[in-house]
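Q: Listed below are the residues making up each chain.
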Amino acid sequence: MIFLGIDIGSLSCDAVLIDEEKNILASSVILTGAKNIESIARAKKNVLDAAGIMEKDIRSIIATGYGRARVKEKDAAVTEITCHAKGIKHVIPETRILIDIGGQDSKAMLLDPDGNVVDFAMNDKCAAGTGRFLEAMARALEVDITELGDLDKGATSDLVLSSMCTVFAESEVISLIACGTEQKEIAKGLNRSIAARTHSLVKRVAGNIDGLTVSMSGGVARNKGVVKAIAQSMNLEKINTPETPDIIGALGAAIIGFEKIHR
Amino acid sequence: MMYDHFDNAVKGITDKLNQDPEGINARKKYVLELSRLGKKLYSKDENIAWCGVTAPFDLLGSMGVTSCFVEFVGAMLSSTQTADYFFEEAEDSGFATDSCAYHRAVMGAVLKNAMPRPDFIIGTSSPCTAGLAVMENFAHQYKKDFFLLNVPQNYTQDAIKYLSAQLEEMVRFVSDHTKRPLSKQKLGIALENFNASSQLLKEIYDLAKTKPSPVDNNILKDFGTVITLLMGTQEGVDICQAFKDELNHRIKTSFNHASKEKIRLMWIQNRIQYPFPINEMLDDLGAVIVVDELNDVTWEPMDPDKPFESIAKRMISIPFSMDASERIKHLQDLAVAYRIDGAINPCHWGCRQGTGIRGLISKGFKDINVPVLNLEIDCVDSRNLAKGQIETRVEAFLEMLS
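Chains A and B, in that order, give the protein sequences.
Note that this note's numbering has the first sequence beginning at 2, numbered continuously upward.
Note that this note's numbering has the second sequence beginning at 176, numbered continuously upward.
Isolated chain B (complex conformation) (with noise of 0.2 Å):
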């Protein structure tokens, strides 16, 4: 069944480019590469590793490994309105209904046999232990091996050399299983894509700081968070470009969203992955999310010389991982670099860093003046939304700040 959506939205997706072969489109070139790595991971031909959010993709992806991170396919399940089966199937072995929704529709399609088989399991311990023990669970169901990543939240030279050791350690877990030693060449390429996607993301970013912002309340949508999963690739580096490209057309050709633009906001963890019309909503009161908390490149380039140092310090340097309050520096950081008027926190339930440390982030956003909705929100099991609450919550802070 997934196999089958996966190939099915490559092959729409490939029409629709043929279609218009002088467009830019980079959202569509972004979601078919997208679909491109899931039909990869359900193609059963492919040595297969589940992951945490912030494992190396890069490094697993120049030993052979097709990896993504298990929210993933929770976000990909709600987003396509067939989330509620794996749901019913979570809960009704005993997963709490208020538990994250991401990890509950994951553990439904375990206990469902609709996720792919792994050949190993790459655990991190940021950004959340829920989805580590989600993924423990994963690995007694299926019976594989476990390695665990433990990133440590502050950025230290004794953090650095410890996540190095385990970096060097996972290298060899890798090859046991794979049967493959890890090319010093493959990774000096995908250490190559990866600095050039991330030079790319710098200059993508800088465009979306412009005011009024080429960006709309889609293109950028959870960027940051899902791009990492190809950016030690070739396609992620023409995937970016075409980002690029397509802000920059949008500023040379005076994109008509920008003339509508009143307000200015920060989208802060997720966004909503069910379909709710909030980006009309927000385009109707000339709102425009302008940044992601994750879209934003917080890592020096990566020195070939030194693969797992730099693989570590990235790693360690993603707002996620950090401590609260570096978290929040990074979040008002944002706010002034991109001249925001507002910023929304959905608290996605169940979720520690969207509901613990929402009274921290509500202080910090205070401290530099700019006004925070927080959201009681599921962003990913639709049963639990009460869309008119969320609209009353959403229009009145709009409202507020016009």
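The following block holds chain A by itself, in its conformation from the complex (with noise of 0.2 Å):
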């Protein structure tokens, strides 16, 4: 039997299809874009097609992420956050903490020893700090989002942002290149405001991260500037982030698909 999970968020649109034993069979990470039926589409195509399994042997599919209600062929739907938690489970198993930086949600999640949600915080009212604050920032730098995570080496400063919201920010990156500062001082800027308020989420679920194992997920756990800064503001050594992160609540999704048919 064959497991496929849906993750569509608002950045991107991820998918994974696992078999029996939970192996990851293919996964694909794509743009949301303007039109997210067209991009689930394109997605479970990508992964069925990367598979060489057929619609036909799919035997559950679970939607997660944002337009998880617009996958109309779901079996269920079940929040991101659960999904993270279970995908984080899988493949970093000792994982109490998780930060999950997606395309407009920060979330902190604090999971029991079996990698059940015991509490979580959310950003509040704007995206100040996820994959949108991301690429509107790479934007005013004029550099790919890409190019952001190593964009800090070398920076000396303390320099902080003092605005967090996307709008403002990005006013203040431009008002900072006016001033002349150099992009690796702004990048590391950006990356210590996120980090600052990223741990304020992890304590607002855990006062005391003492002995836990600290992991992150979403897209911007490819950003080894942010994973660095946030690692720094929370006194660690590392944050453990998984080889694929952006496909995390995708391989949640699926796992759940499987012991829903399994208990």
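Errors might be hidden in some of the hints.
Claimed, not checked - Quick list of the computed label-pair ranges, beta carbon to beta carbon:
(1) B:I543 - A:P94: 28 to 34 Å
(2) B:N423 - A:E56: 51 to 57 Å
(3) A:N117 - B:Q194: 45 to 51 Å
(4) A:S201 - B:S500: 21 to 27 Å
(5) A:K73 - B:N329: 55 to 61 Å
(6) B:I426 - A:K73: 37 to 43 Å
(7) B:T353 - A:S201: 53 to 59 Å
Because the hints were derived from the structure by calculation, they are not lab data.
Note that CB positions come from ideal geometry on N, CA and C, so glycine has one too.
Each chain sits in its own coordinate frame; assemble them with the hints.
A: Okay, structure coming up:
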């Protein structure tokens, strides 16, 4: 039996196929774009083609992410919080604190030793500190979003962006550029700002993180600069990141489908 | 416009009730009575007082004054989706867009001359000073006299005496404006009704505590906050009786909702007022709000021989009047009594009750191992709603509890 998880987020649409042993057969990450129904179909086709599997062989489809209700063929919709927790438990089982920064949400979750969510906190009213935020900042810095992760290399200043509203932060970045501040210093400032905000979310779910393994999922976990800044802010040597952090939600969804059939 | 709205509501609900004369229909009867109150407020034939939430509506009623708290209008404008026009008016006059929308809607209505013209205003320092400021503004706008009841935060003998004296002074203030003295007989009847309503409320809440609960996500929504407007009247007693009958009927007939109850929830403060399918979301996931924070009787019976002292005790005993530690203790007691699995704290934008003690409330529930979901939501101004984000938070919370 084959199980499909689809995570349709605001920025990316991810799909994962797993088999009876919970092995990942194929995964796909594409931009959601303006037409999410088409993105869902494309992500699904990508994983079916890559794994050489027919649609009729799929036993269960679980949808997650903001567009979860839009996945017509789903067997169930589950929130990304539950799915990310399930997915990280599969790849980094010792995780007790999970940080997931996605396209328009950042979340901190406290997990019990079995990987169940015990508490969670999400960003408040705006998208500050999320993937959308980084996208806007990359635009202001005139770099590709994939370059942001290494952009702070060699930065030495203690610059922190004072405003964390995406719109105001973008203006602040533009002002810093106008003042001649180096790109790497601005990038470091951005990372520190995101780290402070993320650390605050973690504190809301766990006052004391001593001895708890901290992991990070979601597309922003690919940004080494942000991950490093969060680790520094939390006084950690490192934060664990899966090899493919952006598919953890879809992986968790697929595993939930597997568990629903096998329980 | 508003008079017509309430008049149409009265006619429509009366027709529906007449079509089902044998039915209990507690919620319909309740909404009918509130619509009648709305109609009276807008009729221009009554002595009208706009008040704070904790004002003594039974005492005012016994003096021939039709009274209501201003937030009732904010909620009503929101629930009928007519509030945006008034928000914009208030904002255009300088009100901050992230101030409490109950009061922003009221201020807009005042500025648009859409609030019934009061004869006077009775402000209360509890539950919130933002409401108080709006009422002062209201009094200024209509050039009406303003009387403040300063409700102490601690339940002490000195505090009770202090508030009793203010209530006596308030009666003189009201008499001066209405040219009618307080009738001890009428006050006695009002207090008798209040006591009968209180006793029925206790029985209603005891029924709601049963597991599975006979309540659904709507029937007792914001009930404790609003029923105080009617408790000094025979109609209030009748409505409480109808709710009790309905819950008993549901228990006897194995109300089918009860079998679906998987998660028992508490709703802190007030519900979301504009149409938003949160009840449907909760229903789908087998979650039932078995208790709202103010659905409780925290006062002793009113003593007709000591009316001011009794009313003062009651006003101070309302959890919103008390300091944070007492309010949290009350929440913890409710959590245990109702055997809840989790609590939702909507943290209404711009509200000190909602956001001011959020961390303390979370800690209070953590101490008794009850998870809390803090929502960042404007319960009145739907323009500030991030629907997808709220849905995800609520669903994730329910997934966590289940």
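Q: Hints first: check each against the structure and report whether it holds.
A: How the hints compare with the structure:
1. B:I543 - A:P94: 28 to 34 Å: Taking Cβ atoms as reference, I543 (chain B) and P94 (chain A) lie about 30 Å apart, which means the hint holds.
2. B:N423 - A:E56: 51 to 57 Å: Since N423 (chain B) and E56 (chain A) have Cβ atoms about 53 Å apart, the given range 51 to 57 Å holds.
3. A:N117 - B:Q194: 45 to 51 Å: holds (49 Å)
4. A:S201 - B:S500: 21 to 27 Å: holds (25 Å)
5. A:K73 - B:N329: 55 to 61 Å: Distance hint for K73 (chain A), N329 (chain B) holds at roughly 58 Å.
6. B:I426 - A:K73: 37 to 43 Å: holds (40 Å)
7. B:T353 - A:S201: 53 to 59 Å: Holds: the Cβ-Cβ distance is about 54 Å, inside 53 to 59 Å.
The structure shown violates none of the earlier numbered hints.
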